[in-house]
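Can you build the whole structure from these sequences, using the hints too?
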Amino acid sequence: MTDRVLIADDEPNIVVSLSFMLKREGYEVLVAPDGTQALAMIRGERPRLVLLDAAMPGMSGFEVCEAVRADPELSGIRILMLTAKGRDTDIARGMGAGADAYVTKPFSTRDLIVRIREMLA
Amino acid sequence: MRRRDGPSAQVLLALCGAGFLLFNFPLLLIWDQPLTVLGLPLLPVALFVIWVGLIAALAWVSASRGGRGGKEPEKHEERDG
Amino acid sequence: MIQPGLVLAVSFGYLLLLVAVAAHGDRRADQGRSLIDSSFVYALSWAVYCSAWTYFGSVGRAASGGVWFLPIYLGPMLAMLLAWLVLRKMVRIARSYRITSIADFIASRYGKSPLLAALVTLITVVGILPYIALQLKAVSAGYEALTGGLGQSDAAWWRDGTLYMALSLAGFAVVFGTRHLDLSERHEGMVAAIAFESAVKLAAFLAVGVFVTYGLFGGMGDIWARAQAQPDIAGLLRLGGQGFEGFQGAQWFALTLLSMLSVLMLPRQFQVMVVECVNERHILRASWLFPAYLLLINIFVLPIAIGGMLIFGDGGAGAESYVLTLPLSQGAEWLALLAYLGGLSAATGMIIVETVAVSTMVCNDLVMPALLSSGRFARTGGDLTRVLLNIRRAAILLVLLLGYLYFRIAGEAYALVSIGLISFAAVAQFAPALLGGMYWRGATRAGALGGLLGGSLVWAYTLMLPSLARSGWIGAGFLDGPFGLAFLAPQHLFGLTGFDELTHSLFWSLMVNIGLYVGLSLRGRVSAREASQALLFVEVFQRGQAQPVFWRGRARLEDLRRLAGRFLGAARAEALFRDHARETGTALDSLTADARLVDRVERQIAGAIGTASARVMVESAAQEESLSLGDVLEIIDEASQVRTYARELEEATVELRAANEKLKSLDQLKDDFMSSVTHELRTPLTSIRALTELMLDTPDIQPQEREEFLNIILSESERLSRLVNQVLDLAKIESGMAEWHNTDVDMKALIVAALRSTAELFRERGAEVLADLPEQVPMVLADPDRLTQVLVNLLSNAAKFVPEGRGRVEVALRHRGDELVVTVRDNGPGVAPEDQAAVFDKFRQGGEAGNRPPGTGLGLPISRQIVVNLGGRMWLDSQPGQGACFAFSLPLRSKGGSDDG
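Those sequence lines, one after another, are chains Z, V and E. The numbering of the first sequence is the UniProt record's numbering, which starts it at 1 and goes up by one. The numbering of the second sequence is the UniProt record's numbering, which starts it at 1 and goes up by one. The numbering of the third sequence is the UniProt record's numbering, which starts it at 1 and goes up by one.
Rather than coming from a laboratory, the hints here were simulated on the basis of the structure. For each residue, glycine too, the CB sits at the ideal point set by N, CA and C. Among the hints, erroneous ones may be present.
Listed below are several chain Z residues computed to face chain E (Cβ distance under 10 Å; list not exhaustive) [to be verified]: (1) 2; (2) 21; (3) 83; (4) 109; (5) 112; (6) 115; (7) 117.
This is the structure in structure tokens:
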């Protein structure tokens, strides 16, 4: 069976590149343009992995992450945070929120896909 | 500049110079007379009086912290914390 | 006569009382409620100046020379007039650089020279032994006078009571001076005991004075009246009788000068005045309390001397013990006992402080260098505090035993006063190097060494050796000149006659001393370390916290820790590093062994083992770069700059605090801005990189996908360059670096041009544009390109937000009062009231992110900056759901840009 991956990012061009990459690898791709919709899709669709942008309007990636971790039903979901702010405090915050991995933009798709494979293995 | 927190150097140097003159040759000869003050020999009396005078002057200068019009400044605190 | 047992019991009891006082003083110090933190106690401790020499010797001197006993106390009076200037500087220097003795002081000033420290120590020990012997002699003579015991000094040494007295005094000094395991320089308990002793000796002497003057006689006038009947006594109260001549004037002057210097240079005076100073503010009051004490203790000297001569009729032969024998002869035994206690106080006070001071010098400046140069000691890593303490204890014992030896050998042959003056003349040799070093930056180590060596050799030749010759230890022929060379006769060098021996010696020794000191200093070149120490001493008041650190090199924290632990003990070393970490705001384990820390460790160690030895130890523990004179000047330069800044900072503290608050928020803004810029840069970069990689890694990509990707890459690149341009633009405007080409501008024409250039944009969005422009408006002074930038930004903003296909934008120009107002109204979604304040902030873009039109979020901030720079303002009127109206105004008599081009 194919693993389901949710992309939550407000930048359409990044979504384009990520979904192309994931589809090429054979994953089923879901897309959410903001935090609120992302959380709804996580609850509804139960993707195995979420690529979560940290800075989204409405509900930020951190808040989504915290909400997921606070919900025992969603415990199996893996979260990879993406952020364009490379400050240490942001990384610390992301880890504090319960993300499994943290990747700063701009990222290399080659490295990213390796990490995704590991996380889904 | 530093806050003036003591008697001025000029005043002290002047006092010291005056003391040196008063205590030494040749001004000393002025007191070296066969006279008595209140029945006491002039020379030792004069020396002790000058001495008292210098102590009083020094005490006054020290107390007024730098001379005339010197009001008691607030307690000096080291800034070094 | 008094029973020996009673005298011994009372003496012993008194010493125990002193120990109790000292213990109390130490306890209070430990509790932080210092007993000696008072100018009164401080002044009383200075009165250690009045030793047994004063107590017994003054009367003796007065009985033979009349008022000639006085110059020894007038000198200190003159010195005290300058105490606030000179002594305070000494205290400040000693405190700043942890200096614990006069040898340390001089050595530290001249480049931390071990040789100089050893020389000063040697001179002190040799010079001070007669003085200690004098105290022993006085106490034992007093004991004999009191008990009527026969002179015992001809007995075998193990039966000599004076020896046991010397030993018990040594034990006493050990208890006071080296009680603490940590080698703190200050001894609060000892000072408390010394002050107590000063009070006792003053009270006892005054009691005897009152007893003699008003008990045995009818007051001072009565004594004088009776003395007049005896011409030899009456003559005492004149200067040298009839013929007071120039040479006697010189002698008087010499005595005054000598005591003026000695009151600062004697080891015990340096100890109580400088080392034990709790607070330099105390100097102010102590400097007149101390001369007042001297005056009080001298008031009854003449009456007692003359009274004694009248009563005993012995022409002053036993005058040195009149203080005891006068009460005793009248049956006032308890008063005699009290007087004895006073004398004991005077002697023990002097001995304790002097030996403690000298033992510190011997330990730090003679023993330590020897031990350090023997490699074994330097290599052992253990805690050395106990070793050091034992060295000091041994030194105290040794000094007292040497003093006793001198007493056995030469003590009997001399009057107290002549012994004391020999010591005075010895320590006076320190004056040029010490005082000169505090005020003259050009003084050098060579000068100090030469001066001290020359001066003390002349002193020994003209004063010390003749005194030995007189007591028969050297052939008496020596006094007529060695080898029969009359011009070398020690008391009449080069045929200089007329002076007494003291003045003669003082003249020659100080002349040689000062001559060599100045001459060698002027000739010689200074080393870098001398230059730096000179500066630290001479300018000690000019530096606050910003002291330059004259040290360069590398050190390991571990080595410093070990070094400090060895000489300070583990606890104090730990505290040192903790304090340093706290003051520099670093964590204890991330301290770096920088120059400041090395300097700090060196100073702390210097407090324990002296500056010269501390220098050697630090040198061995670190890899140092030797400083050149140029480096020193450079460091001084930096430090003076720092100092200037520090002063300015101090003056502007209040303003700065306010400014700091402002800066903090600005800093926060800048931080946010940088964070936003980073974010805005990374987002397009991410797309570009990701898509490029994907295309490279997917050779079989569909052509339409490839085209889509390439288009995205292109637009994201454009977005990037736009962003970069705008960030630079904004930065230029904000920093005032932008160029402004202001001319007279027709606003109406500009608006028309801007509408023309954005027409295509509106057409694409299907929006209509209405322009409401008056026939004619006054010209404004402005940069037309910049204004066009503002207009295009407002128009394209409006185009972005109007609803697709039914957009409507109204542009209006109005002449209101003395300004022109431009408004751009759209029928878009508008801006919520809570967001209105933020629209002009950088990177605050309107609209939902997903469907946000492309833009950098910098357009409005830049527009507003431009308008503000042209002297106008920009604002927003908006009701949500009813569109937004951006407006700006420009003054007609515009002040123009900040930087007219």
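These are the hints, each one checked on the structure:
1. 2: The hint is violated - residue 2(Z) has no Cβ within 10 Å of chain E, the shortest such distance being about 19 Å.
2. 21: Result: holds, 6 Å to nearest chain E Cβ.
3. 83: Holds, because the Cβ-Cβ distance from residue 83(Z) to chain E comes to roughly 8 Å (cut-off 10 Å).
4. 109: Residue 109(Z) check passes; min Cβ-Cβ to chain E is 5 Å, inside 10 Å.
5. 112: With a closest approach of 8 Å, the residue 112(Z) hint holds.
6. 115: violated (14 Å)
7. 117: violated (14 Å)
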